[in-house]
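Number of protein chains: 6
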Amino acid sequence: MKKCQTDNITLLADNNYIDIMVQEICSTYEDVKGINHIEGFNLPSETEVENILHQLIEIIFPGYSGKKSLSLQSIKYNVGETLSFVYTELSDQIMRALKYNCAMDYCDSCDIPSLTKDATKALIGGLAKIRNTMKLDIAAAFDGDPAAKSLDEIILSYPGVKAITIQRIAHILYRKNVPLIPRMLCEYSHRETGIDIHPGAHLGEAIFIDHGTGVVIGETAVIGDNVKIYQGVTLGALSFPKDDCGHIIKGAKRHPTIEENVTIYAGATILGDIVIGKDSIIGGNVWITETMAPRSKVTMRAPELRIKRK
Amino acid sequence: MKKCQTDNITLLADNNYIDIMVQEICSTYEDVKGINHIEGFNLPSETEVENILHQLIEIIFPGYSGKKSLSLQSIKYNVGETLSFVYTELSDQIMRALKYNCAMDYCDSCDIPSLTKDATKALIGGLAKIRNTMKLDIAAAFDGDPAAKSLDEIILSYPGVKAITIQRIAHILYRKNVPLIPRMLCEYSHRETGIDIHPGAHLGEAIFIDHGTGVVIGETAVIGDNVKIYQGVTLGALSFPKDDCGHIIKGAKRHPTIEENVTIYAGATILGDIVIGKDSIIGGNVWITETMAPRSKVTMRAPELRIKRK
Amino acid sequence: MKKCQTDNITLLADNNYIDIMVQEICSTYEDVKGINHIEGFNLPSETEVENILHQLIEIIFPGYSGKKSLSLQSIKYNVGETLSFVYTELSDQIMRALKYNCAMDYCDSCDIPSLTKDATKALIGGLAKIRNTMKLDIAAAFDGDPAAKSLDEIILSYPGVKAITIQRIAHILYRKNVPLIPRMLCEYSHRETGIDIHPGAHLGEAIFIDHGTGVVIGETAVIGDNVKIYQGVTLGALSFPKDDCGHIIKGAKRHPTIEENVTIYAGATILGDIVIGKDSIIGGNVWITETMAPRSKVTMRAPELRIKRK
Amino acid sequence: MKKCQTDNITLLADNNYIDIMVQEICSTYEDVKGINHIEGFNLPSETEVENILHQLIEIIFPGYSGKKSLSLQSIKYNVGETLSFVYTELSDQIMRALKYNCAMDYCDSCDIPSLTKDATKALIGGLAKIRNTMKLDIAAAFDGDPAAKSLDEIILSYPGVKAITIQRIAHILYRKNVPLIPRMLCEYSHRETGIDIHPGAHLGEAIFIDHGTGVVIGETAVIGDNVKIYQGVTLGALSFPKDDCGHIIKGAKRHPTIEENVTIYAGATILGDIVIGKDSIIGGNVWITETMAPRSKVTMRAPELRIKRK
Amino acid sequence: MKKCQTDNITLLADNNYIDIMVQEICSTYEDVKGINHIEGFNLPSETEVENILHQLIEIIFPGYSGKKSLSLQSIKYNVGETLSFVYTELSDQIMRALKYNCAMDYCDSCDIPSLTKDATKALIGGLAKIRNTMKLDIAAAFDGDPAAKSLDEIILSYPGVKAITIQRIAHILYRKNVPLIPRMLCEYSHRETGIDIHPGAHLGEAIFIDHGTGVVIGETAVIGDNVKIYQGVTLGALSFPKDDCGHIIKGAKRHPTIEENVTIYAGATILGDIVIGKDSIIGGNVWITETMAPRSKVTMRAPELRIKRK
Amino acid sequence: MKKCQTDNITLLADNNYIDIMVQEICSTYEDVKGINHIEGFNLPSETEVENILHQLIEIIFPGYSGKKSLSLQSIKYNVGETLSFVYTELSDQIMRALKYNCAMDYCDSCDIPSLTKDATKALIGGLAKIRNTMKLDIAAAFDGDPAAKSLDEIILSYPGVKAITIQRIAHILYRKNVPLIPRMLCEYSHRETGIDIHPGAHLGEAIFIDHGTGVVIGETAVIGDNVKIYQGVTLGALSFPKDDCGHIIKGAKRHPTIEENVTIYAGATILGDIVIGKDSIIGGNVWITETMAPRSKVTMRAPELRIKRK
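Residue numbers (this note's numbering), protein chains in the order written: chain G, 1 to 310; chain R, 1 to 310; chain U, 1 to 310; chain Z, 1 to 310; chain L, 1 to 310; chain A, 1 to 310.
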C-alpha cells in the first residue's frame, strides 16, 4: 500500500503546462466585445469610489469614525480639505464614467467636462441638505425602535441609516445621469447592510429601515415621508413590459409608490406600479399587487396553522 | 455640433466655490445636539472594538485564523499577551462608553473606574465559559447539518457560529449595562453574517443557526438549549407599548421565549412575548403570535397553489 | 455622593488576575479533540484562499478591478505571472486541506501530491470554460433586468454574478474532493453577497440571480440552463434521512432539480429531491415540496388579505 | 556518514526551554532603574514624532512629496488641517517628554500644560520663519553647486537641505527645553542623511552642506550666515571639562563658532570653543584647534606624498 | 508652589490661534517662484520612482528579494509583467520630468512623447547590459574582500553593489537628459548606503566599493575597469570655474579620471580634472590634486606620530 | 516649429518591443551559476530577518518602541510570546541559511536540524547576557558624552548603541557558523547608522561609539572593555595574504586588537593585526600600522597648516 508521501516533493507544474494554459485563457480574450476590459483604462475604480464615499460620510456624520478628533475651531479646515480632495477625485471618477458612456454609445457630442462639473457640484452642493434629511431619519429611528438607546448608537450601528445615507448620495448622481458609479455605491451598501436600494429610488424624509436584511427597493419606487420598513420587504416590479422585439423596455415606472406615514412590516412584498395610500399599515408577509387606499390596514389572513402534538 | 472634449481641461472648482460649500456645511454643524460628534473624543472606536473582538475570537478558537502557529508549550504566552492587551484596550473602550452615558444623562454619581473594571473582568472571566458553550454549539451544527464534513469546517466557515460567538461576547457587556459597544459588536456580526441578534437576547447552549441570512432575534428574546434556527427566521415584537405621552416604552419584554429542543424552519415569523414550548417544531414560513404548548408541530396549511400549464 | 472620577486612575488589572484567567482558559484547551487547532499548522489559510480567489477573478474578468492597466500586448505576461503564482499557492493550500483530511481519517494510503496536482490542474484548466459560461450568465442578467444599463455595470456591481463566479470555482474543487477550501470560498461569497450557494450544487449556464440576499441553494441541488432566481429563494432539503443509529446520512440527494428556463420569484421555497420541470414559472413566496411538470406556472393562491380602514 | 536531513523534522523547542528563557530574561528586568521602560507609558513615540515631522515638512515645502495635489484655492485648508493635527499630536508628545523629565528629576513644581503650550506654539509659530530661512539655504545650494540644475532638484534630493530643515525644527524645541524629542528628530535626520547636527547647534541663514555624509556638528557650535560645509567635516569638542568628582560638566560651550561666509572643505576637523573668523576658507582634511582670524585661508601643508613606480 | 498639574487639561489651541498661523504661513506661499510646488502636479513622485527602481533591481538580481519564488519555467512571465509595468510607470515619471524642464525653460519646441519613449527604451534596453556588468562587479567584490563568503552574500548585503547598480540605472537616464529622476535615484542610494555617486559619473566594469560610507564621486568623474575604492574616498572638484558674471559654470569636466586597475584606499581625496594612471595604488588618506602616471604607488608620508606614555 | 505635444498620446510600447526585451533579459538568466536566484527558494528573507531583529530588540530594550505598553505583571507573557515567535521564525531562517551553505559546498553530511537548533538556542540563550552588557555600554555612553541627558535618550537615539546591539546579536550567529544572516543583520545596522561593524568582530563590554558615521570595524578585530570610538574610525586590514594561486586567504587575523580603556578619536585609521595597548589614547586622524604599547598617547604631529590672509 502506498504511504502518504507529501514531503520532499516540489509541486512544480509540468513543463509547458503554464504556457498552454496562458494560451488557452488568452484566446478567450480575443473577443474584445465580451467580458474583458483590456486596453480600457477609464472605468471608475471601486477602491476610489469607496474612498470618496467614506470621505463624504465623514462630512455628513463628523466625528463618528473616530479617525480624527474634531474641534469646532478647526472643523472648517477638515471640511475644506475633504471637499477639495473629494472635488478632485470625484470629478475624475465621474469623468471616467461619462467617457465610458460616450464610448459605449459612439457619442461624440457631449460636453463631458461641463457635465462632470455639473454632477460633481450637484453632489457636493447636496451634502448640507442630506445632513438635514439624515437628522430626520435618525430621529425616526429613535422614535420607532424601543431597542434604540441614543442617537449616537443609531449613527454608529444601524445598517438602515448607512444604507439610506449612501442611497441619498448615489441618487444625486443618478439624477445627473452619471453611469456606473451610483450602482457601485448602492452595491457597496448592499454588501455591507444586506439592504438593496436602487440608486434610482426616490426617498422622502424621516425614513426608517429596521434590521434591513433582504430589503429590496426597485429603481422606480417612490417612498414618502415618515415611512417605516422592516427586514425582508420587497418593493418590486410585477412584470416587465417588452417592446415589439421582445426586449424588456428599460426605464418605465414599474415599482410601487409608498405615500407618507406608511409602515410596512417584515417580509411584505409589494409589486408593480401601484400606490400604498398614506397612513396605511402593511402587515408582515403580505403580498400586494394592487393599489391600497389611504389609511388601509392590510394584514394577511394568516393561512390556517396545522398544530399537532408530537 | 460640439465634439467630446475632455482632455487638456483642468477640472478645478471655481474660485470660492469650495469656500462657500465649506461655510454651508459648517453652518449645519452649529446645532451641537444634533448628529455631530465634534469636541467629543470619547466614543468607542469601531476599529478598536473590532480589533478587540478579533483577539477574543483568537482565544475562543485558537489556531483557526492561521495568523500564529500555536504549540501547547507556548499557548499560555499567547493567551497571556492577548489578555493583557485586551484588558487594557477593552477597559479603555468601556470607560469611553460609560463616560459617554454619564455625559448624556448629566450623571455625576457613577464610579466609572469601578464599573469599567467590573465589566472588563466579567467579559474576560466569561471567556472560558463561552468556549465550553461554543463546543456544544459546534457539536449541534455537526449533528444538524448533513453538509457539514467536520468540526473544523464549521468553525472555519459557518456564519451561524460566528454570529453566536459574537453575541455571547456582546451579551456579557450588555448585562453589565455597557452602552454602545454591545450593539457595535452585534452589528459587526450582522454585517458579516446577515444574522441580526440583539446583544440583549438570552441564548442557551447548543444553538445552531443554519445559513442564517435574514435571521432577526430581538432584544428580549430568550432561546433555550438545543434550538435550531434556519435562515430568515424572525423572533420579533408584535407591537410596542407606549407610555402616556405616546413614547415607546423601552426595555419591556416583547419578544418570544423559545424553550429547549425547538426547531424553527426557514422564514418562520414568531412575534410577541409568547412561549414556544419545548420539543416543538415550527414549520417554514409560518406566522405565529400566540403561545404554543410543548411538543407542538406547527406547519402552515400551505395556501393552495394554483398550477397552470403555460 | 461620589463624583464621577475617571481621571488619574490607572485601570491595571489586580495582581495575578491575568495569571488566573490564563490558567482558566488554557485548561479548556487540554481537550485536544475539541475546538482547538493547536499544534496543527496545516489548515488552509482564509487570507491565502481569498487572495487566490481574487487572482482567479482577475483572470476571469480582466481589467475590472482597475488594479492593473492591461494591454493586449502584455496581457499574456499578466496571465502567466498570475497562473504561476496561483499554481504554487493553490497547490499549497490544497495540499494542506488534503493532509488535514487524511489526518482526520487516520488514512495513510492517499497519494497526496498526485491528488493535489490533479485538483490544482482541474481548477486552472477550468478557467477558460468558466469565462465562457460567465459570458452567458452576464448576458442573461442583461436580458433579465430592466435596471441593467450595460454588461460592465453587471460585472462591476451585481452580487449574483460574483456569487455564481465563486461557486463555479469552488465547485471544481468540490468535485475533486478537496475538503474545507470549497466551503471557505462559498462562505466568502455568502458574506459578501448574502447569497449562500453550497459548492456542491450543480449550476448550468446563463444563470441569473437578482438582488440575491437570502438565497440558499443546497449541496445536492441541480440547476439547469437559463434559470432565473430572485432574492430570498430557498432550494433546500425537506428532511434528512437518518441511519440506524439515528445519525444523519451525509451526501444523499436531498435538494431540488430545477430544469432549464425556469424562473423562481422572490421568497419561493422549494424543498426536497423533487423536479421543477423545464419552462416553469414559480411565483413569489410559494412553498413547493412536490415535483412540478414542465411548463407549470405555480402561484400562491394569495391568502386573503384583510383590509381595514383605520 | 549522516545524510543531510532537514525535512519532516519539526524544530520545536524542548519542553520548558522557552519557560526557562522567559524566566532568565525577565529576571534581568527586575532592576527597574536600568534599561527597561516597563510600567512607563509616556515616552514620546518614535513613530508619532516622525509622523509629525513629515507633516511639518509638508508645510515647509508644500507639494513636493506629491502626496496631495495642492491648489492655491484650497491650500489654506491643507495647512489648517495639518496644523490642527500637529498642534494636538505635538502637544501630546511634548507633554510626555516634559512629564518624563519631571519624573526623572522628582520635580513637582512645573506647570507642564503651560510649558507644553508654550513649546508647541513656539514651533508652530516658527514655521513661517523657517520657510523664509530655507529659501536662503536653497538659494545658497544652487549658487554653490555646479551640479545643481534647479531649486526643485535641491528640495527633492539634497540631504543637506533635509538635515538643516529638521535641525531648525528640532532647535526650536531644544531652546524650549523639551527633552528627548529634539534629539529623536536629529537622529532621524542623521539616519536618513548621514549628517549629525545636534539640535543645540545654532545655525545662521543660507547654510549649505554638500554631500554631507559624516558631517558632525556639536551641541554648542554656532554657525554664521552663508557658511558652506562639505562631507566629513567635524565641528567637535576638544576635551570635556570635568567637575571635582570627575564627572563631565554638561552644557558648557565646547564647540567652535564659525563666522559668516566661511567655507569648510571635506574632512576638515575643527575642535574646541574657538572661532573661525568670517570670510575664511578652511581646506580639506585640516585639523584646527585654535581660533583663526577673519579672512584666513587655511590649508594643510599636504604631507609629502611618496610616489613610487610599481 | 504650583504642583505638577497635567491631567484633566485639554490642550486645545486658543481660539483663532490656528487661523492666525494658517494666514501667516499661507502668506509665505504667495511668492510662487519660491520653494512652493502648488498648482503643479507633475513633479516625478519619490514613491513611484523608488517603486520602479525596486522593480528594476528585481529584474537585475532575480529572486534575491524573496518576494516571489521564481522558476525557469515561469520567469518570462515575471519579467514580462514587470517590464510592462515599468514601461508604463517609467514613461509617466519621465514625461513629468521632461515637461517640468520645458516649463522651467519656457520651451515649446520639444517633442516630449518622443523623448520620453527614447529615454524609457534606453533604460529598459540597457538592463541586459547592466546585468552583465554587475556580474563582473560582483566577481570583483568576491576577489577583493577576504570577508566575502559567496556571491550571494555580496548581492544580499554589500552596499557598494547596491550603489553601483542604482548609479548604472540612473546614468542611462542622465545620458538621455532626463532631469530630476537620476538625482532622485542616486540620493535614494546615498541614503541607503552612505555612498554618494553622482548619476553623471562614468563607471567602467568590475568596480568594487568596499564599506563605502562617505564615498563621494562627482558628476564628471570617469572610472575605468577593475577599480577598487574604499570608504571615505572623495573624487571631487578642486574649484569651480566662474563666468564673467561670477556665476559658477555648470557642466564642465572638473572631477578626476581614474584609469583601469587602480586601487584607492580609505579616506583618499582626489580633486580636480586630473588623471590617475592605470595600475596605480593610492594610499589611505592621501590628498592628490595632480595627475599621476600609470603604475604610481602613492602613499602619504605619514605625518610623524607623537607617541607619549601617559 | 513643433509644439510641445504631450497630451492625448498613449505612450504604449511598440508591438513586440516588450517581447524582445523579455527574451533578451531572460537569455542572460541562462547562466545559472551567475547572479540569479531562480529555482532556489531558501535564501533567508531580508524582511523576515529584520522582523526577527526588531523582536529581539524589543526584548533587550523593553518598552522603548512604544508599540506595546508593558507592565511588570504581564511582561512575562510578552517575552514568552516573542520568544516563541522568534524561536520558530529564527529556526526557519537559520535552516535556510545552513541548507544554502550545504548546497553551495555539495555537502551531504551536516545534521542541519541539530545545527539549527544549536544556533537558535545560542542566540536566545544569549539575550540575557546581551542585556547585561548593553547596560554597561549605555552607562559608558552616558559617562562619555556631555550632550547625553539621560539613559533613555541614549537608548532612544544613539546610533552607536543600535549598531553595537545588533552586532552582539549577529556575532552569536557568526560564532555558530550561520552563513548570510549575520552579515544581513550588520548591513541593516550599517544602513541605519552608518556604522559598519563586521559580525565577526569581538566586542568587549562598555563600548561607546559616538556619532559613528563612517566607522569600519573589520572581521577579525578584537575590542576590549571600556573602549571609546568616534566617527570615521577604521579598524581595518593592511594587506591581504594570498595563497599560491594568488587568491586571497580568507579568515586569517588581519585586523587590530584594541585593549581595554582605549579611546580612539575621530578619523583615526588603525590597520593590520596589531595591538593598541590598554589605556592608550589615539588622536584624531592618525594613521597607525604598528603595535602601540599600553598607556600610549598617540597624536598626529599635525601637518603644518599654511595660513594666509585673503
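Simulated from the structure, these hints should not be mistaken for lab results. Any given hint might turn out to be false.
No copy is singled out in the list; a pair is fine if it fits within one copy or between any two copies.
To be verified - As a list, the in silico PhoX-like pairs of lysine-lysine whose alpha-carbon atoms are at most 20 Å apart:
| hint | residue 1 | residue 2 |
| --- | --- | --- |
| 1 | K176 | K278 |
| 2 | K308 | K278 |
| 3 | K310 | K250 |
| 4 | K253 | K176 |
| 5 | K68 | K310 |
| 6 | K176 | K129 |
| 7 | K250 | K149 |
| 8 | K242 | K176 |
| 9 | K99 | K149 |
| 10 | K135 | K149 |
| 11 | K250 | K308 |
| 12 | K242 | K149 |
Hints, verified against the model:
1. K176 to K278: neither (29 Å within a copy, 42 Å between copies)
2. K308 to K278: Between copies only: 14 Å across chains, 41 Å inside a chain, cut-off 20 Å.
3. K310 to K250: neither (53 Å within a copy, 25 Å between copies)
4. K253 to K176: within (18 Å within a copy, 48 Å between copies)
5. K68 to K310: neither (60 Å within a copy, 49 Å between copies)
6. K176 to K129: within (17 Å within a copy, 39 Å between copies)
7. K250 to K149: Between copies only: 8 Å across chains, 43 Å inside a chain, cut-off 20 Å.
8. K242 to K176: neither (26 Å within a copy, 44 Å between copies)
9. K99 to K149: Close across copies (15 Å), not inside one copy (47 Å); limit 20 Å.
10. K135 to K149: within (16 Å within a copy, 33 Å between copies)
11. K250 to K308: Intra 49 Å, inter 29 Å, cutoff 20 Å: neither.
12. K242 to K149: This pair counts as between: shortest inter-copy Cα distance 16 Å, intra-copy 49 Å.
Going down the numbered hints, you'll see the structure goes against 1, 3, 5, 8 and 11, while the others check out.
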